[in-house]
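**Q** Spelled out, the chains give:
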Amino acid sequence: MSSISNTKVPLFGPAKQSVEHKKNNEFGPLTSDEYLYQVHSRNGEPLRDPVLDAPPYYVVVITYLNYLILIILGHIHDYLGMTFQKEKHRELLEKDGLAPWFSKFESFYVRRLKLRIDDCFSRPTTGVPGRFITCIDRISHDLNSYYTHPGTTTMCLNLSSYNYLGFAQSEGKCTDNAIASVDKYGLTAGGPRAQAGTSDLHLETEKLVARFVGKEDAMVFSMGYSTNANFFNSILDSKCLVISDELNHTSIRTGVRLSGTAVKAFKHNDMEALEKLIKEQIVQGQPKTHRPWKKILICVEGLFSMEGTMCNLPKLIELKNKYKCYLFVDEAHSIGAIGPQGRGVCDYFGINPSEVDIMMGTFTKSFGAAGGYIAADKKVIDKLRCDLTIPNYGESVPAPILAQTSASLRIITGELNPGEGLERLQRIAFNSRYLRLALQRLGFIVYGIADSPVVPMLLYAPSKMPAFSRMMLQRKIAVVVVAYPATPLIESRVRFCVSAALTKEDIDYLLRHVNEVGEKLFLKVSTGKAGGSLDGKPPRWDIEEVIRRTPSDCKDDKYFLI
Amino acid sequence: MRQPPEVLPSSIPVPEAVLRSSSYVWYYCQRAAHAIPGMRYVVSYVRKSHQDDPYRTLFELFLIIYGIIYFFRKPRKQGEQAAPKLSEREVEALLDEWEPEPIAQQNIKLEWRAKSTPVLMGNSSAPTRVNLTRDEGRESYSDVLNCASTSFLQISSDPEFVKAAKDTIHQYGVGACGPAGFYGNQDVHSELEYNLARFFGTERAVLYGQDFCIAASVIPAFTKRGDVIVADDRVNVALQNALQLSRSTVYYYNHNDMEALEELLEQLQERELNEKLPSLPRKFIVTEGLFQNLGDIPDLPRLVELKRKYKYRLLVDETFSLGVLGANGRGIAEYYNMKRDASVDITIGSLAVALGSSGGFVLGDNVMSMHQRIGSHAYTFSAALPAFAVTTASRVLDHLEHDNSAVQKLRSLSQLMHQLFIDDSELSPYIEVTSSKESSILHFRLTDEYRSRVFHTTEESLFQELSAMHAKNLSEKYIEGCEREEKLLQRIVDMALKEHKVLLTRNTFVLKHETLPVTPSLKLCCSAKMTEDELRSACESVKSAVLACTSE
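Listed in order, the protein sequences are those of chains A and B.
For what it's worth, full-length UniProt numbering labels the leading residue of the first sequence as 1, then goes sequentially.
For what it's worth, full-length UniProt numbering labels the leading residue of the second sequence as 1, then goes sequentially.
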């Protein structure tokens, strides 16, 4: 690893632009009223069982071979390195009687696989991550062990930030509100909530959040990950059970682990497996002692950020009521981005939020702020205010974040700038559907449901990840590639995060380039059974045809399998 | 037809039919085997071994069958019993019968806490003064001296810093909208990490979104089963959580008792020598720079000496000491005139306390920092810190580098505050001060004598009661004596607020999360923008409130 001590990215700051240009670059103006789509509530109708497209066998074989070669080469590299270049591998060896920070085995994947493609991650940026993102150019040396910066920046189309509703802006109501709050409340909160870190702005924002998600009360925290990681230990102990979707986010897993609760996982979105598991657990009780569980909490995410799939809420509610379990829904990605009014999965399925016991979400994504919230019935929140660790020991949320959150919330509900919130919601719905259907028609394998703003496109072979990412960067498009361990081993993917800030023309630009790169990298392998095909044959539409027909087609549910 | 080959020696009495059929099976197996390339060698091996020892063939056959059965059997954990077979009706009855506990039980006895939490109203006349309400707006106070705020240096409240933060919002927006690994790290983040590392004298720094979750993320990133952690037995809840998640074997030593620590390390070393482990375990000593619950300072030179002698790494949680201790606010290392990179291996710091911004960071060497960026969950799986918090912290550090007047002022105020309480003989029967004179928070609690006289509890009895509750896994952890003591302390806070317009606070804690001994205490914080007179009169007010409440 790096022997250069403490290099840093030069401080650029965003380029000077006129306010008009800046606004357009952060949030593209709507080009036509046709590029809007109003999502309809599903009125309690559950999701169909998902159809997953599988790649041809040769793709699977190539992917495994790809890993095999990388692993064998890595081990040869390790062996030679440890024999002949000891000083380069000092961090893996004992030093002065101290064990190394990490062992050779633990770090193998990172050193020999991830390091090769490290230039695709942690690209430094500057300015607002809006419709465009300004990446700071860098040159990689010695197989990504360090970088130098030539002093230039590249403005890329932004498909990487969780900026679903396009509130990452530095002009407009939200910004004004955030700036005004600095004068009134200062930059720091001054201690834990229970001591002297509560301001009226906190309470006001909490009321707004509660009203928005449809619960009686809510609490806000300064970090989304930490909200989950420090929540479960206040309501659960080792005599409770958590039934968790296998693809739940690490923050939930950490939080559950900290609480010492027993955990059982069920296959992603498999409601039959879930029912079987609940029945078995209630009947069998705790392991060994067979005493009944104190309580059972089902944990799912509203929108799964790596899959683009949604939890099957109507079915979950049915099960939870039938078996007297509690339901926790993490709406980190779905709040704001999903549903006719942007109020998350309950809104989307047309379910009364009172059916869900605990709703958690973040402000990082749709609201362009930071932090998280927990919403529940008043008596639960009252209890949590006393019991949670963060309000008693940790820092409180600083004012500008609260101000940004409350302003963006009020824009979505239409209290501020009536009409703007609705436009944002309709644009993200259109953009998501358009991009998804277009990619399917071009022949790519795409996961997830029609309305999800997360559009994961499968790449499979690990060597295609850096290739895709670098080729897209050359074409001035910033994308995120993800692989194992965030996904199953062979399902490396690129994740497009659609934003309301993008115009239809931006997506056309993206599609043309993805089409070109996809052909070069041999990524068009879908069979069409998961969507995109009109005649049952593998879809391989021409790009012009896709761009001509999809904008109107994508508004029709019949082209999607949902 | 040819006579089938003899399979078993004729000396063993076996029925003719069995013998004949097994001979046929063997014969056809052999023929089939010849069709598979390479099988010849296997056959000739089996034949040879059979000739030498016929029973061995039987035994091997049995082993193979057992292997197949074992392979296809459902794995069962050790000690697990087979689930009893239940009929449909029995299952239904059990499902019906199960009645869960409510998700959160309200405890009316705890409601006073919510009512007594101050809500600051903003727009205060000076950084040290606040307007506040309590109990849902039923009580309101204006122009109160804020002795509960943890932003000690108050540098970021200067107009130029406020303006700079606003400029940042105008350039970068509010949120970073992505994790550090995916375009969330901006140039300002890199700048701040560089500045932090340079200011505190380490190779690198890594930024986190919130201070409380850092320890619970960093420690597990470097520990696994079999590693050893030796921790002070008064560390804060953030560290307690971290130790719980670390999977390592945790040992505690008596608070700040270096002799006890050395004895423990000596014992552990002996045990390690006897055990002959396959690989060297990672070993850590975990402590705090300024203890969150007590406000005292550990003996760093001695700790460093011990860690070198016994080959441990040292982790110090400096949430409350960075910006406070040392001539320039560089924390405990500067306080003892030591070099940070040579003494402390992992430093956990907060941007939300003395530095007056939000978020936190970890200081350390290159290798450790690089590994954190992949292995530390709160870094990898969480959005990057908002840009305005980052630039504010950067500017505060710049300011501290060439102007330590705020740190010096804070120190003199802390010492004054400490002196005023320590020297007062009238107070000594009722309260004891636990914090050191450099601490910008004055921690004081009831004396043991007073506590046992009025509440009939001691620190040990509280801890025993709490441990018993943990062992029984009670959902509700409530100790009457502790609660009454907390209420008394709250009365002191209320009186200081109502009669003297001074806001101080209880050191809030949640029994449920405390796994180490803890006693209720009060915190009186000073900040650099206070005048000496303000602080003097605040201390007098608090003293009179203490006397009034304790002698009731």
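It should be emphasised that the hints constitute simulated quantities derived from the structure, not laboratory data.
Among the hints, erroneous ones may be present.
As the list claims (entries may be wrong) - Cβ-Cβ distance ranges computed for the label pairs, FRET-style:
(1) B/Ser23 x A/Arg48: 31 to 41 Å
(2) A/Gly97 x B/Trp112: 30 to 40 Å
(3) B/Gln419 x A/Glu106: 45 to 55 Å
To be verified - Quick list of in silico lysine-lysine cross-link-like pairs, BS3-like style, CA-CA up to 25 Å:
(4) A/Lys207 x A/Lys276
(5) B/Lys224 x A/Lys95
(6) A/Lys378 x B/Lys477
(7) A/Lys529 x A/Lys558
(8) B/Lys109 x A/Lys264
(9) A/Lys288 x B/Lys501
(10) B/Lys74 x A/Lys288
(11) B/Lys224 x B/Lys276
(12) A/Lys322 x B/Lys487
(13) A/Lys276 x A/Lys294
(14) B/Lys477 x A/Lys207
(15) B/Lys501 x B/Lys487
(16) B/Lys472 x A/Lys173
(17) A/Lys315 x A/Lys294
(18) B/Lys85 x A/Lys239
(19) B/Lys166 x A/Lys267
(20) A/Lys322 x A/Lys267
(21) A/Lys529 x A/Lys267
(22) B/Lys487 x B/Lys115
(23) B/Lys109 x A/Lys294
(24) A/Lys288 x A/Lys315
(25) A/Lys173 x A/Lys114
We put the CB at the ideal spot given by N, CA and C, even for glycine.
**Q** Hints first: check each against the structure and report whether it holds.
**A** Taking the hints in turn, this is what the structure says about them:
{"no.": "1", "hint": "B/Ser23 x A/Arg48: 31 to 41 Å", "in the structure": "violated (60 Å)"}
{"no.": "2", "hint": "A/Gly97 x B/Trp112: 30 to 40 Å", "in the structure": "violated (53 Å)"}
{"no.": "3", "hint": "B/Gln419 x A/Glu106: 45 to 55 Å", "in the structure": "holds (51 Å)"}
{"no.": "4", "hint": "A/Lys207 x A/Lys276", "in the structure": "violated (38 Å)"}
{"no.": "5", "hint": "B/Lys224 x A/Lys95", "in the structure": "holds (19 Å)"}
{"no.": "6", "hint": "A/Lys378 x B/Lys477", "in the structure": "holds (21 Å)"}
{"no.": "7", "hint": "A/Lys529 x A/Lys558", "in the structure": "holds (13 Å)"}
{"no.": "8", "hint": "B/Lys109 x A/Lys264", "in the structure": "violated (35 Å)"}
{"no.": "9", "hint": "A/Lys288 x B/Lys501", "in the structure": "violated (58 Å)"}
{"no.": "10", "hint": "B/Lys74 x A/Lys288", "in the structure": "holds (18 Å)"}
{"no.": "11", "hint": "B/Lys224 x B/Lys276", "in the structure": "holds (18 Å)"}
{"no.": "12", "hint": "A/Lys322 x B/Lys487", "in the structure": "violated (43 Å)"}
{"no.": "13", "hint": "A/Lys276 x A/Lys294", "in the structure": "holds (19 Å)"}
{"no.": "14", "hint": "B/Lys477 x A/Lys207", "in the structure": "violated (29 Å)"}
{"no.": "15", "hint": "B/Lys501 x B/Lys487", "in the structure": "holds (19 Å)"}
{"no.": "16", "hint": "B/Lys472 x A/Lys173", "in the structure": "violated (53 Å)"}
{"no.": "17", "hint": "A/Lys315 x A/Lys294", "in the structure": "holds (23 Å)"}
{"no.": "18", "hint": "B/Lys85 x A/Lys239", "in the structure": "holds (24 Å)"}
{"no.": "19", "hint": "B/Lys166 x A/Lys267", "in the structure": "violated (47 Å)"}
{"no.": "20", "hint": "A/Lys322 x A/Lys267", "in the structure": "holds (20 Å)"}
{"no.": "21", "hint": "A/Lys529 x A/Lys267", "in the structure": "holds (22 Å)"}
{"no.": "22", "hint": "B/Lys487 x B/Lys115", "in the structure": "holds (12 Å)"}
{"no.": "23", "hint": "B/Lys109 x A/Lys294", "in the structure": "holds (23 Å)"}
{"no.": "24", "hint": "A/Lys288 x A/Lys315", "in the structure": "violated (31 Å)"}
{"no.": "25", "hint": "A/Lys173 x A/Lys114", "in the structure": "violated (41 Å)"}
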